[in-house]
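Going down the list, the protein sequences come from chains H and X. Here the first sequence is numbered in the numbering used here, starting from -8 and rising by one per residue. Here the second sequence is numbered in the numbering used here, starting from 6 and rising by one per residue.
The set of hints was computed from the structure by calculation and includes no laboratory data. In this text, all values refer to a predicted model and were calculated from it rather than measured experimentally. One thing to keep in mind: the hints can contain errors.
[As the list claims (entries may be wrong)] Lysine to any residue pairs mimicking SDA-like chemistry, simulated, CA-CA at most 25 Å apart:
hint	chain 1	residue 1	chain 2	residue 2
1	X	K301	H	L8
2	H	K94	X	T304
3	X	K301	H	A132
4	X	K209	H	L81
5	H	K94	X	A224
6	X	K301	X	Y156
7	X	K301	H	I210
8	X	K301	H	D194
9	H	K94	X	K65
10	H	K94	X	L145
11	X	K301	H	G190
12	H	K175	H	G190
13	H	K175	X	G33
14	H	K94	X	Q296
15	X	K65	H	R122
16	X	K65	H	L81
17	H	K94	X	A36
18	H	K94	X	S297
19	X	K301	H	D120
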Amino acid sequence: MKRAGFTTVWLPVALLLPQLMIIAIFFYWPAAWAVQSSFYLQDPFGFGSTFVGLENYTDLMTNVEYAKVARFTVIYTVLVTFFSLALALLLAVKADTVIRGAKSYRTLLMWVYAIAPPVAGFMGLMFFDQRNGPLTEMFQAFGWEFRLGADFNSTATAMVIVAVWKQIPVNFIFFLSGLQSIPKAVREAALIDNRSATGRFWDVTFPLLAPTAFFLLIINITYALFDTFGIVDTLVRSEPGNNPVTLVYKVFVDGFRGNDLGGSSAQSVILMILVLVLTVFQFRLIERRIHYT
Amino acid sequence: MADITQSGDVFSATPVRRRPRIKLRHIGDHAILVAGALLMVFPIVLVLMTTSFEDADIVKNGLQFGFEGQMLENFEAAMFEASGFTKTITGTRMLMNSMILGLGFAIGKIVISMMAAYAIVYFRLRFATFAFWIIFTTLLLPLEVRILPSYEAIQSMGLANTYTGLIVPLIASATGTFFFRQFFRSIPEELVEAARIDGAGPVKFFIDILVPLSRTMIAAIFIIMFVYGWNQYLWPTLITTDEGMFTLVRGIKQIVQVLSQTGAMIPEYGKALALSLIAMIPPVLIVIFFQSWFVKGLTESDK
């Protein structure tokens, strides 16, 4: 709040009202509703519901299917995060060193940001097509019977590749702006101390980039968990079957197709807690980030 | 001696020289960057090339490298030919819906969050901090997590298949408010003091001073929000069941379902691929042309 702020009362209230109303109706109410219905068992025909306490949660914990989805989500998130960060870092470091063509490279490497995940997923369907997808043929040339939609590992691989492809631009942009904010004096000092470019990178540049990398780590985990919904949905052609799906996708399938309100809500609440933990973590890191720079 | 040669190296490494030449050791760097650029661009080029082939060809051979004469027809069909189960939806219609969603979301979000941020930063309000935290908490939960209850809420209000139902729930998050709050706080205190001495009221100060001052910030956040709104998938999928309300990105789901059906007809792959390209053109163009604003918006709003 500014010291010399205005003292009118009705105006700020009127200014805040639209935002607060939208949030109350479309955020707090639904969130509370999800928490509440996670303690109830819904009658499948819509005739009321019974309070079952924590049963929906204990059911989930012992559910083999849920454990499988959770395990896949963890592996998927780790792979997507690792590869998209590593590739983007490599490209950002190179884009930062070259002088000629730097701008063109920047444009070419960032524009995929604007492509919607399901559009990327649809293109993935073409590239991994069972009969004539170019990448399917490539995998087959290496002796792998790649079958998208029929074989668990094939579908999982396709999901990871499309999700990484789609996420490289964001990481690239953040890494590049992180690299460019490293003061020239620091770089020159490093150049005097250490002649090997690789040595300089790991001893000087990487530690200075660490805050950006930590921050991106959270962004990427959130991306893999939530924003890849469109990729998953298109690559499995909306038919989960035996295909790998993520936790968010399962919330959607159980809630809208399976009509399991209680179970789906309990899954939502678990994800909410997960996001809360991630966000708290993120803000602690941002505080550290400010100290660094 | 060694020190002198090394410091000579330092000076040649600084980009002060007017005409940088590609050095031998930079060839490896360029090779990696070219490979990266190809990785990002080639898939789209291949899809674009494939739209120039006939459907039967695409069905048989998949994605194609080369050029045939079908591109115009395929794009024309994608834009103007009615499709879907009810034959009411064309590419033009979906493009319009996507525009409404992208623009409505971006503008709505900017207006609402600027107002809220202004109230929080510039007024001596007893519950300003409390209001900030209420708004701020929404950063914690993405829509995907509370998708089912949000859907129920929209249904019970009768807002399914309306633009309001499509746009407003997406606005219920604090990213914009947080962003403008940070920016307003960075504006010097003297500005509002001077304005008050000159007799400007809060409304006049906001419209005549603060909004013009925030132009760059508004542009940056607009680009991010437009792309975000345009690319929404899950929410439009749930809330629009009427084909006349489909957006281009929502239409992708329909395309995938139609192409997956095994019928007697040859699936219209050319048209489908053309539509997927149309779905990416507006946000991609915006990101490329307003690159510096876009980068600014992204790196400063995502914190």
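Exercise. Is the hinted pair K301 of chain X and Y156 of chain X satisfied, with a Cα-Cα distance of at most 25 Å?
Worked result: violated (33 Å)
Problem set entry | Restraint check for K94 of chain H with K65 of chain X, where alpha carbons must lie at most 25 Å apart | violated (40 Å)
Problem set entry | Agreement of K65 of chain X and L81 of chain H with the hint, judged by alpha carbon distance not exceeding 25 Å | The hint is violated at about 38 Å.
Exercise. Is K65 of chain X close enough to R122 of chain H, meaning Cα to Cα at most 25 Å?
Worked result: holds (9 Å)
Problem set entry | Satisfaction of hint between G190 of chain H and K301 of chain X, Cα-Cα up to 25 Å | violated (31 Å)
Exercise. Can the restraint linking K301 of chain X and A132 of chain H be considered satisfied, given a maximum Cα separation of 25 Å?
Worked result: violated (44 Å)
Exercise. Within 25 Å, alpha carbon to alpha carbon, are K301 of chain X and I210 of chain H?
Worked result: holds (17 Å)
Exercise. Hey, K94 of chain H versus Q296 of chain X, does the alpha-carbon distance stay inside 25 Å?
Worked result: holds (10 Å)
Problem set entry | Straight-line alpha-carbon gap K94 of chain H to T304 of chain X, limit 25 Å | holds (18 Å)
Exercise. Are the Cα positions of K175 of chain H and G33 of chain X separated by 25 Å at most?
Worked result: Given pair K175 of chain H, G33 of chain X holds - Cα atoms ~23 Å apart, limit 25 Å.
Exercise. Hey, K301 of chain X versus D194 of chain H, does the alpha-carbon distance stay inside 25 Å?
Worked result: violated (28 Å)
For this session: Take a quick look at whether K301 of chain X and L8 of chain H sit within 25 Å of each other, Cα to Cα.
Result: It is violated: about 29 Å lies between the C-alpha atoms, which goes past 25 Å.
In the structure shown, a violation is registered for the earlier hints numbered 1, 3, 4, 6, 8, 9, 10, 11, 16 and 19, in ascending order.
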